[in-house]
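A.B. asks: The residues making up each chain are set out below.
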Amino acid sequence: MRVENLSVDLDSFHLRDINLRVEKGEYVCIIGPTGAGKTVLIETIAGFHKPSKGRIILEGEDITCKPPEKRGISIVYQDYMLFPHMTVYENIAYGARKKIRDKKSLEEEIMRIAGIMGIKHLLDRRPETLSGGEQQRVAIARAIISKPKLLLMDEPFSALDTRTTEKLRDFVKRVASEYGLTIIHVTHDIVDVWSLADKVAIMNNGRIVQYGEVEEVFSRPADNFVADFIDVNILDGEIVGSSRDVVLIRAGDILLKAKANTVIGQHVRVFIRPEDIYVTTEQKRIGSECFRAVVEKIVENGPYIHLYLSRNEIVLKAILTRGYAKCLGLSPGRQVYVHIRPENIRVART
Amino acid sequence: MASLKFSTLCIIIALIVSLILFSAFIALLVMISPSDFIRSLETKEMQYSLKLTITTSLISTFLAVIIGIPVAYALARKDFPGKNLVKTILDLPMAMPEIVLGITLLLLFGHTPLAQFLSMIGVKIVFSPLGIIVAQLFSALPYTLRILSSSYETINPRYELVSRSLGYGELETFVKITLPLSKAGLIASTAVAFARSVGAFGAVLILAGGVYMVTETLPITLYLNISYGNLSMAISAGILLIIVSFITIFIIEKMGGGKLWR
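Chains as they are written, first to last, in numbering that gives the first Met the number 0: chain Z, 0 to 349; chain U, 0 to 261.
Same shape as in the complex, but just chain U (with noise of 0.2 Å):
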């Protein structure tokens, strides 16, 4: 009975929590009639924005994961003076405010020899573009690290052992054996490392700066035009960025094999 009643209170939490999200997600649907929504999204600005958003979030993604499948591989499989150094730091973007994440960068590519570096080869990552990618890319990071490394966890070491034993390199078992068991930790990192690209924010502004119509993603579009006073504009760009995000947590539970709805 005590236990019939303790679950009754946990789904009763989880229904009144959805259901506070869900009345703000509706508030900021109601907020603009859909064809104010529809004008926002013809504008130039709202259209430059998106795209902008979706290229530096599939270019960083790709980079995040493309980086992240050996590393984290490194993470959880191999022993390595400094590795548990190398974690926190790598894990570091993830529990600091973006912001501060935004500065370091903006340190970093600002004001270092490897600054100086980049500007000599003609790689300007400060407000530019790049600077976007860049930013997305170290917001990102953490999370495709730390969802690839629990996947390769969870994987027996033994398969890659029977795999070496039968004749097959490390990179060739690592290929064969060990990426196709950890498919569903690709695919959500995957995922997570593209909504986290889209929604980037702090890190994104203070590297590449909000310049209207040059380094303006979805978020900056928000904040511009909140800043502007043009609320249709950046209810808009809020509508937008819920309808990636479901379509990403949409594609996670497709892919992984769960079900949206029950």
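Next up, chain Z with everything else stripped away, as it sits in the complex (with noise of 0.2 Å):
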């Protein structure tokens, strides 16, 4: 699938020359903040919102003019959308009515599927009378079941339990594989991408602004805004030292160690991941250099802590476990020691 220059007028907001090429199989998920235009996008690919200009080509051939019910393209929503006055059986099979005519075939189908996402037991029940999870897998299969060449996911899992969500994932994981579908999956949450995602596409006012496989555009984030939304740290540095593959970069003050191949002198940017922070109150030899920070804020997240270190002009975030951070007794104004390995240090040339 290729979204080509897509730019899209609505009455209060546009997307703009949107650019996305999603191969057969593959699972791309789409991050930005509320209001990014991420569902307006995934709706223009499925044909309810009239491009302004641009194109969208599906297996070759271009739908941008298509309606959607033309195109092929299946999509699930956050909220559901089973049809209230059918029970599961009768809404899964709605999905499959216009590609499977004869009655046996419609029913295998709709059992195999009801197998797979386990809800066999569910398929007389009305969906009022399901949990949102259980409406969730009914959802995807009455999407699945029509055979789409494209599905669309438009915050599948936003509105359940973080169990459920998991339970979900892998739901989403064994059916994808098992069907080969092509997915773009709208989501706010980076844990999606993670653990679904091929690859991810970062949006932000009606644009598209890095694009990439998962590990690429995390480890390497374009610009300032993509590294905040997706939480890594940014620093800019100059090469000290080299010496075969491990290069020594200046960045203020501090001294670090990274995998990388570029001469002295080359002014770079660093990127690391608040994960790949390790803190100690001691200083210690653990496989990498440290430096002295001082923890400037804490703020508690759940089952972490995100902790922010400072060195005069350099503020770095860190994610710790809550026991971790409970056993080293952090307090504002503590003084710790930052380590971080060479291989968790991404470098790009300025």
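These aren't lab readings, by the way, just hints derived from the structure by calculation.
Check each hint, because a few of them may be wrong.
Unchecked claim - Sample of chain Z residues at the chain U side, in silico, Cβ under 7 Å: (1) Arg20; (2) Ala45; (3) Phe47; (4) Pro50; (5) Ser73; (6) Ile74; (7) His84; (8) Ile99; (9) Ser145.
A virtual CB, placed ideally from N, CA and C, is assigned to each residue, including glycine.
Hints in hand, dock the two standalone chains.
C.D. replies: See the structure below:
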């Protein structure tokens, strides 16, 4: 699927020059802040909004002007949208009827997908009697049984609790590989991206600001917005030493070792994920150089602690488990030692 | 304490208003004896009037709903140039006196090229039973549109988008998803359209004329007999109108899932 220079003008919102390429069988997540245009983008791909410019190509065919029912694209919404006047069986059958005309084959296919999604026991129930997780499994089954060329999911887990979301991620993973689905999944949750996606697109203000392999995007954010959004520390520095594939970088008055091939004197940008920063209260050798910093702020975030560490002008964010942070007895103003392994520091030339 | 007092006051006002209305109904019912009521029902005039009222009301209700279903959908779901003007025009008969609606319809079907065309093809609306249907239709249509529009607006449009994405066209989606989901609104609008049609007076009087046993619906029977001083017939017609209204509300409550009596 290719989206080329797509622009959409709605009353209160605009999408601008969107380019996106999704290979067959690929799982792409789109993340971005609220109002970035994620839902408008996938609804335009589905055919619900008319683009003012650009093209949408699906399996080699230009579908830009095709009505939604002729595109072969299914959509799953966060609020399930199960038809309340139908049973679970009828809802799933509704998705299949346009593709499977034979009653026996239809029944077999419904039983097969109901088995995979673990909803066989719910087939005679009405949607309003199901839990959120069950409803979403039915919605996904209904979308998949229509054998879509592309499956769009708009924050499918956002209304569910953590445990149900984890289970559903497993279901989606299994179904995606079993049916060889091509999926675009809009989400707010970075965990969805890490656990499901091959690629990730970051959106802001109606534009895609970065698109690529998950590892690549998360370790080399294109700009400060992306870095901030996906929670990556960015430092500007200069290569001051080099031996084989390890370079020595000076960022402010911090010296960092990183695995990179750049020449001495080269100005670089350094990316460090908060969970790759290791903090101790005593100076230890644990396979990486360390430097001193002061705890500036401690923010509690569920089972984790977000630690803001400062050294002169530089502020780094580290994520620690609550238990480890308690062991260290951290408090604002306390001096700590910061360890970052060379392989966890990504370097880009500037 | 203050909120308790306020809610008690609200209940008292509701009880007083319903008591006044109920007393008015009772006053109508006790004005004539059951034997006079039955005698009135046995007259040819009342039987003709009742039959004509039911027949014309059923036809105009059917037309109001059939026209209302797509028009309300367009008003609730689609954007088109002049939508607000169209909405205002369609709502107008609800706000204006029925008698004015009657005059406008009389002029449209009596003195315009449309009237000449209809006359040419043999369709007579003015001062004919067909005029009753037209007057009832335009009296009922705004209410049908209002109820159906509200009903469509309460349906999340994403149901329709999901259906479209599963391969169903716009019409198929409307028939299989939107209409069943608006069932309650459909029943309510049908009942209200029927009640409006049965009770239509001013517009029917002006467009169809209050002609004895020709264009005589129940409200016209009431009016004609009051004019002649035949109180028993007039009251009987009034009672019949109340019975029809009561049955209509009962159907709305029953089919809409509500309970008439708690």
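A.B. asks: Can you list which hints this structure breaks, lowest number first?
C.D. replies: 1, 4 and 8
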